[in-house]
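Protein chains in written order, with the working numbering: chain A, 211 to 327; chain B, 350 to 595; chain C, 10 to 124.
These are computed hints drawn from the structure, not numbers from a lab.
Yeah, the Cβ is synthetic: ideal placement off N, Cα and C, and Gly gets one too.
Please note: incorrect hints may appear among the correct ones.
Restraint ranges, calculated between C-beta atoms of paired labels, are given here [unchecked claim]:
id: 1; chain 1: B; residue 1: P447; chain 2: C; residue 2: Q106; range: 44 to 52 Å
id: 2; chain 1: B; residue 1: P547; chain 2: C; residue 2: G73; range: 19 to 27 Å
id: 3; chain 1: B; residue 1: P453; chain 2: C; residue 2: D117; range: 42 to 50 Å
id: 4; chain 1: C; residue 1: D115; chain 2: B; residue 2: G365; range: 45 to 53 Å
id: 5; chain 1: B; residue 1: P386; chain 2: A; residue 2: A232; range: 36 to 44 Å
id: 6; chain 1: B; residue 1: H393; chain 2: C; residue 2: Q106; range: 45 to 53 Å
Cut-off 25 Å, straight-line C-alpha distance, at most; resulting in silico cross-link-like pairs (SDA-like, lysine to any residue) [to be verified]:
id: 7; chain 1: C; residue 1: K109; chain 2: B; residue 2: S556
id: 8; chain 1: C; residue 1: K109; chain 2: A; residue 2: R238
id: 9; chain 1: C; residue 1: K109; chain 2: B; residue 2: L428
id: 10; chain 1: C; residue 1: K109; chain 2: B; residue 2: L496
id: 11; chain 1: C; residue 1: K109; chain 2: B; residue 2: L433
id: 12; chain 1: C; residue 1: K109; chain 2: A; residue 2: L276
id: 13; chain 1: C; residue 1: K109; chain 2: C; residue 2: V56
id: 14; chain 1: C; residue 1: K109; chain 2: A; residue 2: A229
id: 15; chain 1: C; residue 1: K109; chain 2: B; residue 2: A371
id: 16; chain 1: C; residue 1: K109; chain 2: C; residue 2: H34
id: 17; chain 1: C; residue 1: K109; chain 2: B; residue 2: R444
id: 18; chain 1: C; residue 1: K109; chain 2: C; residue 2: L29
id: 19; chain 1: C; residue 1: K109; chain 2: B; residue 2: V431
id: 20; chain 1: C; residue 1: K109; chain 2: B; residue 2: R441
id: 21; chain 1: C; residue 1: K109; chain 2: A; residue 2: E237
id: 22; chain 1: C; residue 1: K109; chain 2: C; residue 2: Y58
id: 23; chain 1: C; residue 1: K109; chain 2: B; residue 2: R438
id: 24; chain 1: C; residue 1: K109; chain 2: B; residue 2: E588
id: 25; chain 1: C; residue 1: K109; chain 2: B; residue 2: F380
id: 26; chain 1: C; residue 1: K109; chain 2: B; residue 2: E440
id: 27; chain 1: C; residue 1: K109; chain 2: B; residue 2: D584
id: 28; chain 1: C; residue 1: K109; chain 2: C; residue 2: L119
id: 29; chain 1: C; residue 1: K109; chain 2: B; residue 2: A531
id: 30; chain 1: C; residue 1: K109; chain 2: A; residue 2: R234
id: 31; chain 1: C; residue 1: K109; chain 2: C; residue 2: L99
id: 32; chain 1: C; residue 1: K109; chain 2: B; residue 2: Q442
id: 33; chain 1: C; residue 1: K109; chain 2: C; residue 2: A30
id: 34; chain 1: C; residue 1: K109; chain 2: B; residue 2: G439
id: 35; chain 1: C; residue 1: K109; chain 2: B; residue 2: P445
id: 36; chain 1: C; residue 1: K109; chain 2: B; residue 2: V443
id: 37; chain 1: C; residue 1: K109; chain 2: B; residue 2: Q436
id: 38; chain 1: C; residue 1: K109; chain 2: C; residue 2: L16
id: 39; chain 1: C; residue 1: K109; chain 2: B; residue 2: A425
id: 40; chain 1: C; residue 1: K109; chain 2: B; residue 2: G429
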Amino acid sequence: MNDALVVICLLLVAASATAAVAVRDPERQALVLAVLGLSLAVLFTVFQAPDVALSQLAVGSVLTPLLVLLSVRKVRRGAGPKTRRGTGPDRGGRDRTRPDAGPQPPGGRGGRDGATG
Amino acid sequence: MSRRLRMLLLALGGAGFAALFAAACLELPHFGAARHPYGERAVHAALARHTANVVSAVNFDQRAFDTLGEESILFAAVLGTVVLLRQTRGERQVRPEPVAVARPVRRYSLVMVPVALLTGLYVVAHGQLSPGGGFQGGVVVATALHLLYIGVDYQALERIRPVGGYEVGDAAGEAAYLVLGAAGLLGGSAFLANTLLPYGTFNTIPSGGTVPLLNAAIGMEVACAVVVLLARFLDQAVEIVDGSGE
Amino acid sequence: MSVLPYLAAGWMFLAGCYGLATSRHLVHAVGCLAVCQSSTYVLLLAVGYRTGGTAPVFSDVRPGSRPLVDPVVQALTLTDVVVGATVTALLLALVVQVAKRHGTVDPDELSELRG
Chain A
211 MNDALVVICL LLVAASATAA VAVRDPERQA LVLAVLGLSL AVLFTVFQAP DVALSQLAVG
271 SVLTPLLVLL SVRKVRRGAG PKTRRGTGPD RGGRDRTRPD AGPQPPGGRG GRDGATG
Chain B
350 MSRRLRMLLL ALGGAGFAAL FAAACLELPH FGAARHPYGE RAVHAALARH TANVVSAVNF
410 DQRAFDTLGE ESILFAAVLG TVVLLRQTRG ERQVRPEPVA VARPVRRYSL VMVPVALLTG
470 LYVVAHGQLS PGGGFQGGVV VATALHLLYI GVDYQALERI RPVGGYEVGD AAGEAAYLVL
530 GAAGLLGGSA FLANTLLPYG TFNTIPSGGT VPLLNAAIGM EVACAVVVLL ARFLDQAVEI
590 VDGSGE
Chain C
10 MSVLPYLAAG WMFLAGCYGL ATSRHLVHAV GCLAVCQSST YVLLLAVGYR TGGTAPVFSD
70 VRPGSRPLVD PVVQALTLTD VVVGATVTAL LLALVVQVAK RHGTVDPDEL SELRG
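Working from the sequences, and respecting the hints, build out all of it.
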């Protein structure tokens, strides 16, 4: 019974790790990394390591994906500062800029909401 | 390096690693084997010092010096991030405008903030008894604060999160760990040796000698470190914009 | 069964390395590095596992009543998880800096810039 559980969790972890590498868009990768963190936490619980599972749950499925999302947002904005004004600084991680969306139409997301303090 | 050369190198290295690793796996003790000499000794040492959670005993007693190293890596990584992500010349800070949040979301997250904070503190405080400790609880406490960002807005988060204070807290956690180690030295034994305090009653909060104190120091450092890290990244993603774009 | 967890760890490591080498986006590369790192957790905990063992925590288990899994590797992994996250954060901060300085995060374009 326990052996079957271990095998299932291992396959789940290996599959999500492969998916995390295969997904090329970093935004989607952040979500797959969260899934990987979650499945690792389950695997560690099955391995009778609750301390590590807790730590993995907090770090792997929350902190790392969040940091990745925030850097993607910054990098996307920083890459084309003159053309990307439409994706202004409104609400942090809420703004899901599409990958390779190109210049956004002015007013698409509140236009110049970030231009004035 | 051309793409083809790189892939060739990767294939060679990968094949070499796979062959050696597979050979090593066959020689490793089988998965689930019953012989764990270090583990058994660690359990004995933890029980001798009345620490119910053996993992915490290993981290903060038997291998406390190693944890000091890990903690210093954490500290240095946060320091590096703070330096790298500071506001540079030619960048401006823009106040993000408040945005209306759906009422149920706001209510739920405001209820959850104290619950999550309390959970994190509980996990830190019971590190020497049950699964958990400073590393896990610290992350929970730090991320719990950010529920305010989801529930209210960025300015509310900034009000309860003076980054300077958390930077001081980060340094204080690191310093407290060092001071506790030096106290062991002054107490007549070795650096970070757990001989200073009475070991207490097994399975109560003040058990395990210096383990709960070191655990709390780590909890403080990790919580402050994660808050500072997220603050820097959030500032970059939300507030700081390239001034030349205007 | 007796070597499957080790092989899974090796697979994860190789997959992460492949992603690192072929990545076209530095943030994606950092994510692949995180995958490589996770493989070490799986390997360490697999070495410490014991069939029928329970977690090395005595808050509700009488000492000596049941076999335990190895607490030493768990302690190693535990610190590694948290410290690994902060190192990931440092790398991401470097990526943000690269994006600011060079306006691109494609490793191939970056090496063309230099050469």
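Comparing the hints with the structure gives:
no.: 1; hint: B:P447 / C:Q106: 44 to 52 Å; in the structure: violated, 30 Å
no.: 2; hint: B:P547 / C:G73: 19 to 27 Å; in the structure: holds, 24 Å
no.: 3; hint: B:P453 / C:D117: 42 to 50 Å; in the structure: holds, 47 Å
no.: 4; hint: C:D115 / B:G365: 45 to 53 Å; in the structure: violated, 28 Å
no.: 5; hint: B:P386 / A:A232: 36 to 44 Å; in the structure: holds, 40 Å
no.: 6; hint: B:H393 / C:Q106: 45 to 53 Å; in the structure: holds, 49 Å
no.: 7; hint: C:K109 / B:S556; in the structure: violated, 51 Å
no.: 8; hint: C:K109 / A:R238; in the structure: holds, 22 Å
no.: 9; hint: C:K109 / B:L428; in the structure: holds, 20 Å
no.: 10; hint: C:K109 / B:L496; in the structure: violated, 29 Å
no.: 11; hint: C:K109 / B:L433; in the structure: holds, 11 Å
no.: 12; hint: C:K109 / A:L276; in the structure: holds, 20 Å
no.: 13; hint: C:K109 / C:V56; in the structure: violated, 43 Å
no.: 14; hint: C:K109 / A:A229; in the structure: violated, 29 Å
no.: 15; hint: C:K109 / B:A371; in the structure: violated, 43 Å
no.: 16; hint: C:K109 / C:H34; in the structure: holds, 14 Å
no.: 17; hint: C:K109 / B:R444; in the structure: holds, 21 Å
no.: 18; hint: C:K109 / C:L29; in the structure: holds, 22 Å
no.: 19; hint: C:K109 / B:V431; in the structure: holds, 16 Å
no.: 20; hint: C:K109 / B:R441; in the structure: holds, 14 Å
no.: 21; hint: C:K109 / A:E237; in the structure: holds, 19 Å
no.: 22; hint: C:K109 / C:Y58; in the structure: violated, 46 Å
no.: 23; hint: C:K109 / B:R438; in the structure: holds, 12 Å
no.: 24; hint: C:K109 / B:E588; in the structure: holds, 15 Å
no.: 25; hint: C:K109 / B:F380; in the structure: violated, 47 Å
no.: 26; hint: C:K109 / B:E440; in the structure: holds, 11 Å
no.: 27; hint: C:K109 / B:D584; in the structure: holds, 15 Å
no.: 28; hint: C:K109 / C:L119; in the structure: holds, 12 Å
no.: 29; hint: C:K109 / B:A531; in the structure: violated, 43 Å
no.: 30; hint: C:K109 / A:R234; in the structure: holds, 22 Å
no.: 31; hint: C:K109 / C:L99; in the structure: holds, 15 Å
no.: 32; hint: C:K109 / B:Q442; in the structure: holds, 16 Å
no.: 33; hint: C:K109 / C:A30; in the structure: holds, 23 Å
no.: 34; hint: C:K109 / B:G439; in the structure: holds, 11 Å
no.: 35; hint: C:K109 / B:P445; in the structure: holds, 21 Å
no.: 36; hint: C:K109 / B:V443; in the structure: holds, 17 Å
no.: 37; hint: C:K109 / B:Q436; in the structure: holds, 12 Å
no.: 38; hint: C:K109 / C:L16; in the structure: violated, 40 Å
no.: 39; hint: C:K109 / B:A425; in the structure: holds, 23 Å
no.: 40; hint: C:K109 / B:G429; in the structure: holds, 17 Å
Hint compliance for this structure: hints 1, 4, 7, 10, 13, 14, 15, 22, 25, 29 and 38 are broken, all remaining hints hold.
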